[in-house]
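Residue numbers (my numbering), protein chains in the order written: chain V, 1 to 998; chain B, 1 to 98.
Read the hints as simulated data drawn from the structure, not as lab findings. The beta-carbon is built from N, C-alpha and C at its ideal position, and this holds for glycine as well. Take these hints with a grain of salt, some might be off.
Stated by the list, open to error - Residues on chain B that point at chain V, a partial pick, calculated with CB under 8 Å:
1. L2
2. L3
3. P7
4. Y8
5. R12
6. T34
7. P36
8. W39
9. E41
10. L43
11. R65
12. G85
13. P89
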Amino acid sequence: MSGRRIQQGGRVDRSRAIRFTFDGKGYSGFAGDTLASALLANGVQVFGRSFKYHRPRGVIAAGSEEPNALVTVMRDEARCTPNLRATQVELYDGLVARSQNRWPSLDFDVQAVNDLLSPLLPSAFYYKTFMWPRAAWHKLYEPVIRRAAGLGESPTLPDPDRYSQRFAHCDVLVVGAGPAGLAAALTASASGARVMLCDEQPEFGGSLLDEPAATIDGATTADWIRDSMATLRSRANVTLLTRTTAFGYFPHNLIGLNERITEHLPAPAADMPRERLWQVRAARVLIAAGSIERPLVFPGNDRPGVMLASAARTYLHRYGVAVGQNVVLVTGSDAAYAAALDLHAAGVRVALIADVRADATGAPLDLARQAGIEVVTGATVLGTRGRLGVREVTIGVLARGTVNDTRRVKCDALLLSGGYTPSVHLFSQSRGKLEFNEARQAFLPSVSAEPESSAGSCRGIDGYTQVLNDGARVGAASALAAGYSVAAPEYRVQALEFGMHGLPGVLPQASPLQPARAFVDFQNDVTSKDLALAMREGFESVEHIKRYTTTGMATDQGKTSNMNALAFVAGELGRTIPKVGLTTFRMPYTPVTFGIFAGYDRGDLFDPVRTTSMHDWAVQQGAVFEDVGQWKRARYFPRSGEDMHAAVDRECKAVRTGVGMFDASTLGTIEVVGPDAATFLSRLYVNGFSTLAVGRSRYGILLRDDGFIYDDGVIARIAGERFHVTTTTGGAARVFGMMEDYLQTEWPDLRCWLTSTTEQWAVIAVQGPRARDVLAPLVSDVDLSAAALPHLGVTQGRICGVPMRLFRMSFTGELGYEVNVPADYGLAVWEAIHAAGQPHGITPYGTETMHVLRAEKGYIIVGQETDGTVTPDDAGLGWAIAKSKPDFVGKRSLARETMHAPDRKQLVGLLTVDPKVVLEEGAQIVATPGQHAPMKMIGHVTSSYHSAVLGRSIALALLRGGRARIGETLYVPMPGGEIAVQVTATVFYDVEGARLHG
Amino acid sequence: MLLIQCPYCGLRPELEFAYAGQAHVARPADPSATTPDQWTEFLYLRDNTRGIHAERWRHVRGCARFFNALRDTTTDQFLATYRAGESMPVLQQAGQKP
Numbered sequence: 001m002s003g004r005r006i007q008q009g010g011r012v013d014r015s016r017a018i019r020f021t022f023d024g025k026g027y028s029g030f031a032g033d034t035l036a037s038a039l040l041a042n043g044v045q046v047f048g049r050s051f052k053y054h055r056p057r058g059v060i061a062a063g064s065e066e067p068n069a070l071v072t073v074m075r076d077e078a079r080c081t082p083n084l085r086a087t088q089v090e091l092y093d094g095l096v097a098r099s100q101n102r103w104p105s106l107d108f109d110v111q112a113v114n115d116l117l118s119p120l121l122p123s124a125f126y127y128k129t130f131m132w133p134r135a136a137w138h139k140l141y142e143p144v145i146r147r148a149a150g151l152g153e154s155p156t157l158p159d160p161d162r163y164s165q166r167f168a169h170c171d172v173l174v175v176g177a178g179p180a181g182l183a184a185a186l187t188a189s190a191s192g193a194r195v196m197l198c199d200e201q202p203e204f205g206g207s208l209l210d211e212p213a214a215t216i217d218g219a220t221t222a223d224w225i226r227d228s229m230a231t232l233r234s235r236a237n238v239t240l241l242t243r244t245t246a247f248g249y250f251p252h253n254l255i256g257l258n259e260r261i262t263e264h265l266p267a268p269a270a271d272m273p274r275e276r277l278w279q280v281r282a283a284r285v286l287i288a289a290g291s292i293e294r295p296l297v298f299p300g301n302d303r304p305g306v307m308l309a310s311a312a313r314t315y316l317h318r319y320g321v322a323v324g325q326n327v328v329l330v331t332g333s334d335a336a337y338a339a340a341l342d343l344h345a346a347g348v349r350v351a352l353i354a355d356v357r358a359d360a361t362g363a364p365l366d367l368a369r370q371a372g373i374e375v376v377t378g379a380t381v382l383g384t385r386g387r388l389g390v391r392e393v394t395i396g397v398l399a400r401g402t403v404n405d406t407r408r409v410k411c412d413a414l415l416l417s418g419g420y421t422p423s424v425h426l427f428s429q430s431r432g433k434l435e436f437n438e439a440r441q442a443f444l445p446s447v448s449a450e451p452e453s454s455a456g457s458c459r460g461i462d463g464y465t466q467v468l469n470d471g472a473r474v475g476a477a478s479a480l481a482a483g484y485s486v487a488a489p490e491y492r493v494q495a496l497e498f499g500m501h502g503l504p505g506v507l508p509q510a511s512p513l514q515p516a517r518a519f520v521d522f523q524n525d526v527t528s529k530d531l532a533l534a535m536r537e538g539f540e541s542v543e544h545i546k547r548y549t550t551t552g553m554a555t556d557q558g559k560t561s562n563m564n565a566l567a568f569v570a571g572e573l574g575r576t577i578p579k580v581g582l583t584t585f586r587m588p589y590t591p592v593t594f595g596i597f598a599g600y601d602r603g604d605l606f607d608p609v610r611t612t613s614m615h616d617w618a619v620q621q622g623a624v625f626e627d628v629g630q631w632k633r634a635r636y637f638p639r640s641g642e643d644m645h646a647a648v649d650r651e652c653k654a655v656r657t658g659v660g661m662f663d664a665s666t667l668g669t670i671e672v673v674g675p676d677a678a679t680f681l682s683r684l685y686v687n688g689f690s691t692l693a694v695g696r697s698r699y700g701i702l703l704r705d706d707g708f709i710y711d712d713g714v715i716a717r718i719a720g721e722r723f724h725v726t727t728t729t730g731g732a733a734r735v736f737g738m739m740e741d742y743l744q745t746e747w748p749d750l751r752c753w754l755t756s757t758t759e760q761w762a763v764i765a766v767q768g769p770r771a772r773d774v775l776a777p778l779v780s781d782v783d784l785s786a787a788a789l790p791h792l793g794v795t796q797g798r799i800c801g802v803p804m805r806l807f808r809m810s811f812t813g814e815l816g817y818e819v820n821v822p823a824d825y826g827l828a829v830w831e832a833i834h835a836a837g838q839p840h841g842i843t844p845y846g847t848e849t850m851h852v853l854r855a856e857k858g859y860i861i862v863g864q865e866t867d868g869t870v871t872p873d874d875a876g877l878g879w880a881i882a883k884s885k886p887d888f889v890g891k892r893s894l895a896r897e898t899m900h901a902p903d904r905k906q907l908v909g910l911l912t913v914d915p916k917v918v919l920e921e922g923a924q925i926v927a928t929p930g931q932h933a934p935m936k937m938i939g940h941v942t943s944s945y946h947s948a949v950l951g952r953s954i955a956l957a958l959l960r961g962g963r964a965r966i967g968e969t970l971y972v973p974m975p976g977g978e979i980a981v982q983v984t985a986t987v988f989y990d991v992e993g994a995r996l997h998g
Numbered sequence: 001m002l003l004i005q006c007p008y009c010g011l012r013p014e015l016e017f018a019y020a021g022q023a024h025v026a027r028p029a030d031p032s033a034t035t036p037d038q039w040t041e042f043l044y045l046r047d048n049t050r051g052i053h054a055e056r057w058r059h060v061r062g063c064a065r066f067f068n069a070l071r072d073t074t075t076d077q078f079l080a081t082y083r084a085g086e087s088m089p090v091l092q093q094a095g096q097k098p
């Protein structure tokens with residue numbers, strides 16, 4: 001045991017004990033603890049095993065930058081969240097947490113053997129080692145490697161929680177509520193501007209929470225924070241969001257915030273969302289993200305108990321926890337002396353301060369020595385010892401390449417500081433330009449790309465007074481830029497603080513780092529040797545080195561490691577840091593649940609389901625449905641004992657011999673109205689419409705300007721200036737969009753208006769020789785006789801008293817009608833037709849039967865017989881083209897030579913030599929049997945069914961030079977052998993088309 | 001998510017819009033009079049501009065109108081939006097908002 005709770009101090013509530021378990025063992029902490037602080041207070045030092053080498057690891061940081069202490073928090077089997085940073089997990093009563101990447105236990109892990117094998121496991125070892133045999137990669141190597149290397153496991157049950165999403169707008173969004181952010185929000189909101197302030201922590205204050213002894217304008221930090229929060233809360237123009245991470249900066253000042261609402265609650269109310277995604281559009285963004293302390297890189301720097309100096313100070317002042325009882329500080333910055341001095345004051349023994357700077361001098365060293373702490377300058381760390389926690393550190397003094405005064409110092413915690421790295425993640429995400437600051441040895445925000453500003457230590461400002469005043473000034477400037485005016489106050493802070501400058505990179509050693517490893521990236525287990533190896537192998541670009549070694553690519557995105565890696569690479573290559581360059585910062589700043597992105601779009605709300613007016617009736621009849629786009633369409637109506645084949649055969653026979661009814665409501669419908677409606681349709685479709693008489697309809701084909709079939713449908717002239725256009729079910733939206741495009745942008749002079757009426761009509765197809773007999777008793781004001789309403793005739797009247805547009809039309813080849821009634825009457829009319837049809841044996845049929853019936857007639861389905869490369873002539877529809885028209889969409893392309901090549905794929909019929917064999921749709925066609933792969937493919941099957949009326953299989957196919965091959969025997973190679981087929985015309989049934997005109 | 005000034009409705013989020021390709025690619029008045037090369041150019045060839053790009057957008061979940069925009073492809077900033085049929089605005093200088 002090394003850590004312990006000190007007698008007093010900290011912001012935890014010592015009157016409220018909280019029980020929790022870690023790896024099954026019970027512990028107790030206080031309200032206000034994080035899992036990390038509570039475990040440290042209980043003397044726990046090992047938090048997990050590392051990613052690759054399974055080395056025991058402790059907690060390094062106290063905030064979201066923590067790379068090591070990743071845990072799984074379990075509420076129940078479904079609510080099980082892996083890879084949470086223990087430093088951000090707030091303690092609640094009954095919390096159950098588990099360590100990760102260890103088996104069987106944290107203290108004894110079988111795969112720690114990887115650590116001994118480490119000389120065999122350099123960067124990219126798996127690419128190099130597991131190259132052969134090739135097939136084993138997916139089946140053997142990758143699964144094993146993935147199991148061995150890794151983080152926590154995701155739950156297998158569906159996520160039972162709800163996630164909320166909301167949009168928000170404000171004048172100034174302040175990201176980060178540390179000293180700069182608080183000062184900025186106070187100042188900006190005093191102007192009247194709408195201010196939003198967010199911080200990832202459960203309480204506002206940032207680093208001020210670590211400074212109980214400091215004063216701001218004479219008030220203690222605790223009082224100042226309390227008063228500032230009271231002021232902000234009292235302002236109606238301020239929105240405060242704790243536990244809220246600004247994870248992404250999107251174009252035009254849209255910021256994504258992830259608010260964690262119930263994660264810290266022992267028993268969240270059932271109606272509370274777990275998290276909320278805020279999409280905030282801000283006139284100005286003010287980034288006050290602070291800075292992150294860097295660890296130092298030296299051999300054995302990853303042992304549990306090795307920790308950032310700032311983290312030790314945070315644990316002391318916020319949580320009342322001493323991270324050790326006998327600590328050593330290794331530092332390259334002045335700032336860390338405050339941690340040593342505070343720990344010393346709290347009664348912790350500080351065995352040694354090893355300052356790696358040979359020229360270190362001044363107040364911090366003087367204060368330490370006055371306190372009786374030994375300080376060594378020009379020091380380096382040669383190694384550490386301790387199996388499950390640091391017990392000893394070897395320090396030497398480096399001078400002119402040799403190490404002197406080597407000594408071993410006992411300790412139970414080793415504090416590090418390499419100085420601070422400004423958090424420029426969000427600024428960089430906004431595409432702002434960074435510039436390397438030599439004095440600060442850091443990249444700082446330079447040129448903005450969005451309306452934003454940075455304030456405080458994230459832009460390199462050092463010292464609390466300066467940071468607060470910077471926040472206030474930038475807050476006032478941001479308000480001003482958003483149209484509000486306010487003067488910035490001046491703050492005066494007294495605190496124990498020293499400069500934040502430091503030394504990025506790897507501590508100098510007398511000899512090469514052998515064999516102990518100095519870790520640069522803790523989470524991905526990347527050592528300085530890995531980086532050196534990458535460079536020896538020829539990688540020089542920092543982007544390549546990053547990907548090859550995976551440094552900075554873990555879930556922490558290298559918050560603590562990037563600058564050290566960069567400085568090391570720069571040193572090895574003999575270049576300056578800015579010459580080496582920086583890898584790109586990407587969102588999210590910290591990992592975000594998928595839940596907030598899914599939001600409400602789950603389950604039934606994932607994708608809208610469209611149903612027709614007759615849907616419920618079909619459900620009651622036991623219809624089997626299929627998805628067509630967002631529509632649910634009845635595929636067939638099985639009777640008891642029937643499979644699809646039997647049901648479809650029965651439905652087909654009914655239509656061919658009696659009468660069937662079909663729900664065609666999903667077809668797209670567009671009403672085209674206006675004096676130029678006929679001209680408009682004539683310019684779009686290949687057909688002519690100016691000559692189409694009122695009360696007549698025509699099969700229309702729509703091409704794109706590249707000459708290929710885009711859609712088809714029936715177009716009826718309802719009145720001189722009014723057309724009823726139908727489209728395919730799937731094409732409705734894009735055809736409507738294409739029509740609008742041409743009308744608005746190519747022919748804006750046409751007086752013509754388009755309205756999508758798909759949802760307004762219920763469409764009932766009544767098909768079969770007895771269709772007229774069924775409808776006759778139901779309709780009024782309509783003459784159904786073949787003379788008055790011939791094939792492709794259209795009329796208006798009433799059915800069951802309901803206004804109706806009646807189309808004489810057939811997609812089955814039989815006498816047929818399509819009854820269009822307002823959608824609200826669809827079900828009533830459907831039921832009436834169904835009842836009236838009983839004496840005639842009327843049979844409801846579905847899309848599968850519709851497909852068979854139309855294939856028997858050789859009617860194409862766009863998207864099945866066509867694939868975006870099929871011309872009307874290819875599909876055997878050349879007859880539809882109005883050749884006399886000067887132009888229509890696609891006409892010019894049809895004139896291209898290649899569009900008439902004799903070997904184009906053309907639509908033909910196929911009859912298998914064995915009539916019982918039904919071909920597979922998509923199967924390829926070859927000319928001669930017995931070919932070896934690769935075979936010469938000359939076509940493919942587009943539709944294939946068993947035809948009940950023909951008592952055999954039929955198929956349609958696109959075949960090279962197909963029409964010239966009619967009569968030939970070709971072959972369809974399948975896994976079970978070649979199937980011989982005969983090429984035929986596309987119409988299999990009623991070739992003369994007499995039945996249509998019944 | 002971009003903010004886009006619809007010339008008919010005002011400033012709206014990108015969610016309401018659909019991109020519709022390069023602007024000012026006029027369909028030839030008499031396509032049959034075009035050479036194969038001219039027709040190919042109209043059908044298939046588009047600019048891939050680094051910098052200011054004239055492009056079409058449609059406020060499809062708003063007024064449903066097509067309009068044109070000048071967008072800097074390097075910064076995603078819109079420099080102007082204007083109605084279909086209007087000529088391309090002349091920018092004072094590259095990068096300056098009109």
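Can we keep the R12 (chain B) interface hint, with Cβ of chain V closer than 8 Å? 11 Å, violated
Should the hint that W39 (chain B) touches chain V count as held when the rule is a Cβ pair under 8 Å? 6 Å, holds
Hint E41 (chain B) vs chain V: min CB-CB distance below 8 Å? Result: violated, 12 Å to nearest chain V Cβ.
- Message: Let's test the interface hint: is any C-beta of chain V closer than 8 Å to that of P36 (chain B)?
- Response: Given a least distance of 7 Å, the restraint on P36 (chain B) holds.
Q.
Hint validation: Y8 (chain B) versus chain V, beta carbon distance must be below 8 Å. Holds or violated?
A. 11 Å, violated
Item checked: Cut-off 8 Å, beta-carbon criterion: hint that G85 (chain B) touches chain V -> For G85 (chain B), the interface hint holds, since the closest Cβ of chain V sits about 6 Å away, which is under 8 Å.
Does L3 (chain B) pass the interface check with chain V, least Cβ-Cβ distance below 8 Å? Constraint on L3 (chain B) satisfied, holds at 4 Å.
| Hint check: 8 Å Cβ-Cβ cutoff, L2 (chain B) to chain V | With a minimum Cβ separation of about 5 Å from chain V (threshold 8 Å), the hint on L2 (chain B) holds.
> Per the CB criterion, is P89 (chain B) less than 8 Å away from chain V?
Replying inline: 18 Å, violated
Checklist line | L43 (chain B) as chain V interface residue, shortest Cβ-Cβ below 8 Å | finding: 6 Å, holds
So, T34 (chain B) near chain V? Judge it on the closest CB pair being under 8 Å. 7 Å, holds
Given P7 (chain B) was flagged as interface, is its beta-carbon under 8 Å from a beta-carbon of chain V?
-> 13 Å, violated
Going through the hint list in order, the structure does not satisfy hints 3, 4, 5, 9, 13.
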